[in-house]
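S.K.: Chains as they are written, first to last, in our numbering: chain A, 1 to 225; chain B, 1 to 414.
Read the hints as simulated data drawn from the structure, not as lab findings. Since we're looking at a predicted model, the values are computed, not measured. It cannot be assumed that every hint is accurate.
Said to hold, decoys possible - Reference listing, derived: stretches of chain A covered by chain B, where coverage requires no fewer than 3 residues with Cβ under 8 Å from a Cβ of chain B:
no., stretch
1, 19-27
2, 75-84
3, 107-121
Ideal placement from N, C-alpha and C gives every residue a C-beta, glycine not left out.
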Amino acid sequence: MSELAIQLHEVSKTYRTDRIETVAVHDITLDVRQGEMLAIMGPSGCGKSTLLNLIGLLDEPSEGRINLLGEEIRTSRDRDLARLRNESIGFVFQSFHLIPDLRVVDNVEIPLLYRKLPAAERRRLAETALERVGLASRMHHFPTQLSGGQQQRVAIARAIVGEPKIVLADEPTGNLDSHMGDEIMGILEGLNRDGGSTVIMVTHDQEKADRTDRVVRIFDGQLVH
Amino acid sequence: MFRNYLITAYKVLLRRKFFSFVNIFGIALTLAVITVVIAMLQNVVQPLGAEARAENYLGVRDLMITNEEQTSTSSWAIGYRFLETQVMPLETPDRIAFFAEPREGTVFVRGQKVSPRVVRANHEYWNVLAFDFRDGRPFANDEVSSASRVAVINEAMQVALFDGNPAVGKRFDLDGMTFEVIGVVANEPETRLDAFGEIWIPYTATATDGWRKNWIGPFSALLYAEDRDRLPVIRDEFTARLETFVHDDPEEWSIAKATANSKLEALAREFLDRRFAEDSRVGLFFGAVFAAMVAFMFLPTINLINLNVSRILERAGEIGVRKAFGASTRTLVGQFLVENLVLSFVGGILGVILGFALLAFIESTGMIAYAQFQFDVGTVLAAFAMIVVFAVLSGLYPALRMARMHPVGALRRG
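The whole structure should be built from the sequences, with the hints applied where relevant.
M.R.: This is how it looks when you write it as structure tokens:
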């Protein structure tokens, strides 16, 4: 059995305001193997994205334990979490979240800015990542000069430029037409198959989910078995 | 990384051009005014030009005479009688210069009226102040004693009265008396209160001598020491001697109040309206000037804080992305401060340029006669120190707020 990339043990996330307590994720236990491609499915508002944010260390669980690449996350120090995210995780968002003021290549370099790397090395790695998603020729364009599919490919290049072991994609094809969606799925599959990255993808789309190794379903914040 | 920050800072500036312009303009204007104020203060206080030896003398510039009940009070510059009885007998100064405050005289040149500022002085005036003689010589003690009609003029008067031709030996009529030019000195700006003048004549060279009986006005005295460490001794002697003050009418005027001050002390006293108080409170003066500058910088600071805070929402997506990909709060605070520094530096550099342009303009208009502002490194460094303080002040709070945004919330908003 291959090693585990992610282990969630009885993880819950509750949002509290003065009057209301909202349970977004409840008592989830989940193991994801290294090199696995996993889809998380469920209706809107069921807690899929919250779960992805917890795995991605963007949010802290209210209860339970998270184990990432064999290391239990005990810290809640901003600097330590930032380092872990930077080294281990790459994010792909539904709405791309590229910085419009920066050229494509500068967007892709962002994760490397927070590592101690010389500028020339950062540039080389960004160009390589753009080549992997087939956009080397567009590296000096601004994001708004690209189509939605191309923007998402840039976002994927940004996610993989630091060679993280885990790629988290939150509805990566949600804003794209089916043709472009297929293209993006192909790239994610390639990352998983050829690069050995663990890919976790939140999706609404059964067809896309069927292309992954495993599908987990969430309903009202709980895993449905 | 720095390049990435700079590009972002530049683009953020361009994104809202009008607001950026208003902000940069606000910073520039504030710093321009501060640059002008610093340069003016330096011009008044620093020992430059003819006042190069200012750190070696104390000035007695104001006198108040009154009585115990304060039923009569009179104050102005010191009078000749006061000079005679209270100042000239002092033993500790190496030299005692005195001069009357500049008075407008009348000279006619080819039917045109010229109104030079005329200063009456004693011969030690030329030894205490370091005038740059371009031609001729100062007047001597015997010329003062004999009330000789001799004059030293500045270069501007050489041009106004003699078309710039050599003036020494030539004569001109001033207020109905004929004077012979014996020396020509370089122009001194109006801000140098001890050295400013356009024509200098012996204090005795007047049509009448009613001034000899006056206790009040229009003279100032400079008490000079070769060794500046001795200035406190001079001050003590002067203060002690004030106790011996006896007026011709001792019932009406029994008390004299005057102080011997360095230029900085004199400025502080003037500013704080403490001309006759025991203590000049130079520290308080500096505190007040500093507080005024900080208060003046407050408005553009608030403006910039406001702009930065309003940009938080606009930049939420970027903040979320940077956090997701490994930027810590501290790194982001650094980034936003760098951006703010860039903005402030752009405004600051423009401000300093504008400030120097303003100073050059003030010089050229003659608003302050013969003004020569020092474009020195100190002024520029002081202005830049202000910029840094300004940038940090206006950047820190928004930077902290921006950087502390929760990444999930930031991504959702972006």
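S.K.: To test your reading of the hints: which numbers does this structure violate?
M.R.: 1
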